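Chains as they are written, first to last, in the working numbering: chain A, 4 to 239; chain B, 4 to 239.
A few of these clues could be false.
Note that identical chains are pooled: a pair holds if it fits in a single copy or bridges any two copies.
What the hints assert, rightly or not - Straight-line Cα separation of at most 20 Å, SDA-like style, residue types lysine to any residue; simulated pairs:
id: 1; residue 1: Lys-128; residue 2: Cys-35
id: 2; residue 1: Lys-157; residue 2: Ile-207
id: 3; residue 1: Lys-189; residue 2: Pro-80
id: 4; residue 1: Lys-189; residue 2: Leu-220
id: 5; residue 1: Lys-132; residue 2: Arg-226
id: 6; residue 1: Lys-118; residue 2: Tyr-205
id: 7; residue 1: Lys-106; residue 2: Gly-221
id: 8; residue 1: Lys-51; residue 2: Asp-13
id: 9; residue 1: Lys-189; residue 2: His-219
id: 10; residue 1: Lys-106; residue 2: Leu-220
id: 11; residue 1: Lys-94; residue 2: Arg-226
No wet-lab data here; the hints were simulated from the structure.
It should be emphasised that the depicted structure is a prediction, and the values quoted were computed from it without experimental measurement.
Number of protein chains: 2
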Amino acid sequence: MNLILLFKDDFIDGGTRVRLSGRRHKHLRDICRASVGDEFCVGLCDGKIGTGRVTALEEDALEMDVALTTAAPATTPVTLVLALPRPIMLKRILLTVSSMGVKRIFLFHSHRVEKSFWKSPALKKANLKEQLILGLEQARDTVLPKVELRPLFKPFVEDELPGVAQKTLSLVAHPRSSGPCPRYVKRPVTLVVGPEGGFIPYEIEKLTGLGFAPVHLGERILRVEAAVSALLSRLF
Amino acid sequence: MNLILLFKDDFIDGGTRVRLSGRRHKHLRDICRASVGDEFCVGLCDGKIGTGRVTALEEDALEMDVALTTAAPATTPVTLVLALPRPIMLKRILLTVSSMGVKRIFLFHSHRVEKSFWKSPALKKANLKEQLILGLEQARDTVLPKVELRPLFKPFVEDELPGVAQKTLSLVAHPRSSGPCPRYVKRPVTLVVGPEGGFIPYEIEKLTGLGFAPVHLGERILRVEAAVSALLSRLF
Chain A
4 MNLILLFKDD
14 FIDGGTRVRL
24 SGRRHKHLRD
34 ICRASVGDEF
44 CVGLCDGKIG
54 TGRVTALEED
64 ALEMDVALTT
74 AAPATTPVTL
84 VLALPRPIML
94 KRILLTVSSM
104 GVKRIFLFHS
114 HRVEKSFWKS
124 PALKKANLKE
134 QLILGLEQAR
144 DTVLPKVELR
154 PLFKPFVEDE
164 LPGVAQKTLS
174 LVAHPRSSGP
184 CPRYVKRPVT
194 LVVGPEGGFI
204 PYEIEKLTGL
214 GFAPVHLGER
224 ILRVEAAVSA
234 LLSRLF
Chain B
4 MNLILLFKDD
14 FIDGGTRVRL
24 SGRRHKHLRD
34 ICRASVGDEF
44 CVGLCDGKIG
54 TGRVTALEED
64 ALEMDVALTT
74 AAPATTPVTL
84 VLALPRPIML
94 KRILLTVSSM
104 GVKRIFLFHS
114 HRVEKSFWKS
124 PALKKANLKE
134 QLILGLEQAR
144 DTVLPKVELR
154 PLFKPFVEDE
164 LPGVAQKTLS
174 LVAHPRSSGP
184 CPRYVKRPVT
194 LVVGPEGGFI
204 PYEIEKLTGL
214 GFAPVHLGER
224 ILRVEAAVSA
234 LLSRLF
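Next up, chain A with everything else stripped away, as it sits in the complex:
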């Protein structure tokens, strides 16, 4: 936790003092060994970053005076369109892409996504949010990404994706495709990433039909998690 993410509800006065209990209190007390007077990096969700100085330390809560002065780091200009991964992978990927500055994520169905994944508790709003927050706290960011679930391939790809991809560089990661992933593109990207095992030909045809260029990262086939961070790092 390189930043303590604060929410409006944490403030106990007009806007400078917060009271934290639960996970953040426990982290500051047990991992950071906070004492009264110590300062930590804090940020207001969807707002600015600054410093929190501990003013009171109790058994089950602590209070801080906060000064928020600096803007959050720049957003990575990408919409990530990801075939729903296995729940255990999903959690790590959400944390990772949140830490890498992705702010808009679609999780969509594809042929090789197991139907049972859509019933996972990992997709509950609170659980998605938890991973996104962990990513912001890791990266020292405050802007919460938005995750949208699209459990049907065809209506999503036909009716919604063209609008999402409009005026962006549209890429679909596809091992053994003809083009290498471009580097340092300096423009907004819509990046589609398939499931473990890849897209089926029908899906790739649909996507290329919409103007998505298939790109690869070399001869090697990476796990989705490594592929996503490698793609983002290469593109931006």
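Given the coordinates of chain A, assemble chain B onto it according to the supplied hints.
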């Protein structure tokens, strides 16, 4: 498993028939639902890649006739020098970097590495090898990376690292350092990556004193796992 990695011991004749039991048999039977006659991508450890055709399928083993025809993908020209991560992270990082073509890895001690990590069973030779093999099977590679353990910072950095880094681009990943990580360098690299929490000033001074240039990936602080794949993807 995009490739079944074979070892010399698997061969039951001069060099074309293998007999597999255990994990690989189970994977081919349960996940791939292999039948006699089916073909799979196989590769000989440290050797060529080709096809294995199932010739016999038994309760606890299967046999394949293999033809090895193609060279393994090119090695990523990097020596990764990594402060020993938390054991659970180490396993995933080894799999990831093995899948990304890294062939030489040093795990070394640094101030913020918990001493207990050095006693983890994850560091046993067989356990390290297991993750490296999973990475090769993921990426369709055959060349097993070498992992070397260096539990003392100073003698490693002073006596051994200068030789390792000789004639390579020497970089140390360090958030908030002055230079951005270079892109697509087209030459061998020695890449030093610190622990969660980063190097202490003494360590960074030691490394820069040896000619390692501190580089960052932007304002954001990534987890070591995401940072390593992002760094490799940007450099090569």
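Hint check:
{"no.": "1", "hint": "Lys-128 with Cys-35", "in the structure": "neither (29 Å within a copy, 34 Å between copies)"}
{"no.": "2", "hint": "Lys-157 with Ile-207", "in the structure": "within (12 Å within a copy, 52 Å between copies)"}
{"no.": "3", "hint": "Lys-189 with Pro-80", "in the structure": "within (9 Å within a copy, 27 Å between copies)"}
{"no.": "4", "hint": "Lys-189 with Leu-220", "in the structure": "both (18 Å within a copy, 15 Å between copies)"}
{"no.": "5", "hint": "Lys-132 with Arg-226", "in the structure": "between (23 Å within a copy, 18 Å between copies)"}
{"no.": "6", "hint": "Lys-118 with Tyr-205", "in the structure": "within (18 Å within a copy, 52 Å between copies)"}
{"no.": "7", "hint": "Lys-106 with Gly-221", "in the structure": "between (27 Å within a copy, 16 Å between copies)"}
{"no.": "8", "hint": "Lys-51 with Asp-13", "in the structure": "within (15 Å within a copy, 60 Å between copies)"}
{"no.": "9", "hint": "Lys-189 with His-219", "in the structure": "both (19 Å within a copy, 18 Å between copies)"}
{"no.": "10", "hint": "Lys-106 with Leu-220", "in the structure": "between (23 Å within a copy, 18 Å between copies)"}
{"no.": "11", "hint": "Lys-94 with Arg-226", "in the structure": "both (14 Å within a copy, 14 Å between copies)"}
Consistency note: the structure conflicts with earlier hint 1 alone.
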